[in-house]
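Q: Please arrange chain B on chain A, whose structure you already have, making use of the hints.
As you go down the protein sequences, you meet chains A and B in turn. Residues 15 to 277 (the working numbering) make up the first sequence, in order. Residues 1023 to 1251 (the working numbering) make up the second sequence, in order.
Rather than coming from a laboratory, the hints here were simulated on the basis of the structure. There's no promise every hint is true.
To be verified - Facing chain B, according to a computed beta carbon distance under 7 angstroms, are these residues of chain A, among others:
no.	residue
1	Lys87
2	Asp89
3	Ala94
4	Leu114
5	Lys116
6	Pro174
7	Val178
8	Val179
9	Leu189
10	Asn193
11	Arg195
Just so it is clear, CB atoms sit at the ideal spot from N, CA and C, and this is done for glycine as well.
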Amino acid sequence: MKKLLTLSIAAVAVVVTGFVQPAAAETLRVGMECTYAPFNFRNADGDLDGYDVDVARAVGGLIGADLEFVCQKWDGMIPALLANKFDIVVASMSITDKRLEKMDFSDTYRISVGRLVGKKNAGWKLFDSADKPIPANFKGLKVGLERATTYSDWFENELPGAEVVLYDSNEALYLDLVNGRTDMIMTNPMKAHLRFLSKEDGAGFEFVSPQVDERKYFGIGVGIGLRQGNDALKARMNKALKTLTDDGWLESYALKYFPFAIH
Amino acid sequence: MSFDIALIIDSIPKMLMGIGLTFQLLFLSLALGTALGVMLLILRISGRWYLSWPTMIYIYIFRGTPILVQIFIIYYGLPQLEFVRDGIFWPILREPFGCAIVALTLNTGAYLSEIFRGGVLGVDRGLKEAGSALGLSVTDRFIYITAPIAIRLCLPAYSNDVVSLMKSTALASTITLLDMMGIARTIVAETYAPYEVFISVMVIYLIITWAIQRTFGWIEKRMSRHVRQ
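So that you can see chain B by itself, here it is in the shape it has in the complex:
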């Protein structure tokens, strides 16, 4: 097998044209997924069974099935239903981008809410008790005591999830989106050179992962600077 260096040099700029879409998928579904995760967390720890049970079922379903299946159900499955095609969400679900965002958000939201829950459970009981001794309401205790500590606790797991979400964006290429992976697959199908092209796209993903890890490393360090001193 000959290794075509020129092809790598030629195809990297082409694949970088899809990096914008990869980032859009990542950041938009991360923001929406984080909001969803917080909402699910609040429902989950609300202490009311009729709120927490459905949330647990939701989390179980979305963590328990492959994201590729979820993407296919949302993209190919939902439009089979007449009321979806006539419904108000059709403008979003009509577009592959909308479907990818919905799928990634629903999936990562389920994971994130569990990560957040781990953080919340990790907060020392005594601190909450101290808060209530000071006369803080449940909401105030959550916002001023539990949340800041929980966020620090779950940051490493959160950064892990960002990396895996970033990798999941490559699945958007299966529903016609031309993100980096979509472009790479098109180049492979045209040049019949899978090694060169996929290795190139792998290197780009690795660089993005490295940047994410560095960013979170910096945030973690900054957020726990009081501990060091």
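Looking at chain A on its own, in the form it has when it is part of the complex:
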């Protein structure tokens, strides 16, 4: 009850800050894929929905900016940001050193993990009791990954024995896993659960690894991306994200889509 009260106060706060601001002169263009359920996607009514969208709207409300969403394919996301096609990226983009060379990030609004999905009861022995991968057992395994994700870096460096197959989209990963072209895939566990394992096609499959949380590769988590040199905007967004975290908003957004918190 107390929590509910806090939430409703926060809700009022968000709404009030959103309305009290004089018709915001500032418009932030937000880049996202728009096809990445449950983080950013179009719902049955054709409206943008998802965790990223909720976060973006809440941050926009708190800093008093109008939002304009721009849909952009993943592999062109950073070039488009750098080319000023939009101002911020709220697209579940993990913060990595490599990306930080080209761009800047806010604080995290979601943690980054990966998890392997494979055939049920196949008796994979891929991780030891301390949840560390056993490289020898990955030898010759065909693992499907999305191109240029943090998972491919991890495999390349930590498990070079595995035969990595790169895909352009998340759907293709599941298709080829079902078709038997790959032995397993690594992806975001929340996504895998919602889009595949909970569906008919995924009936014969399950998570075959613990959640892999390697900060060195997967970064500290997902943040809002922006061009370098926008420190004022970054500070305002960080302040807004802190409010959202502390007041339980991020958790409430997560529970809309998952049975567990993701921050």
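A: Frame of chain A, contents of chain B only:
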């Protein structure tokens, strides 16, 4: 925008690691496609409607749809069917390389058979009549009179098709193959530098095209040397 020359120098060798796959795709599907084209041609000009009609429909479908769609249907579509996954062709269709070869072969075969037909139709009637006056059978006339002339006639169009087949191999990168284009796309996705990387891969493709054109120019010259003298 800054142009990163070092990145170009760095990524060209990486992309060249995919040139072998590009060439495998090109030569294998060219050889198979040429054989298919000849077969389709023979069916098409057989004069029997039950052979030529299905061939015409086949050619219409494969020339009338984008090759990317054909690749996707073969790679993602076919395995949805249970009997394909249990069938004898699954070892080929399971592999992205096999799917790419099948798609490129079926597509280029359709184009080539039309090119060959143009060549055959271009052979002077009188020559064939002369052949039959000499008592040559239909098969002999085709092999000794029609074919050599038709081949010379359709060489320019054939070389054109080889170039476009070579460019089509880049589409194999959409079904996980790491040919030159696949490597280029991976580098772009990692470095976020589309201009440098794609321009580099473009230059490599241009050089290959140039080599193909030179080769066919030389063959054409050689095959028509009797005309010059």
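Q: Please go over all the hints and tell whether each is borne out by the structure.
A: Okay, the hints, checked on the actual structure:
1. Lys87: 11 angstroms, violated
2. Asp89: 5 angstroms, holds
3. Ala94: Because about 10 angstroms separates alanine 94 (chain A) from the closest Cβ in chain B, which is outside the 7 angstroms limit, the hint is violated.
4. Leu114: 12 angstroms, violated
5. Lys116: 6 angstroms, holds
6. Pro174: 15 angstroms, violated
7. Val178: 10 angstroms, violated
8. Val179: 5 angstroms, holds
9. Leu189: Result: holds, 6 angstroms to nearest chain B Cβ.
10. Asn193: 4 angstroms, holds
11. Arg195: Holds: closest Cβ of chain B sits about 6 angstroms from arginine 195 (chain A), inside 7 angstroms.
Consistency note: the structure conflicts with the earlier hints numbered 1, 3, 4, 6 and 7.
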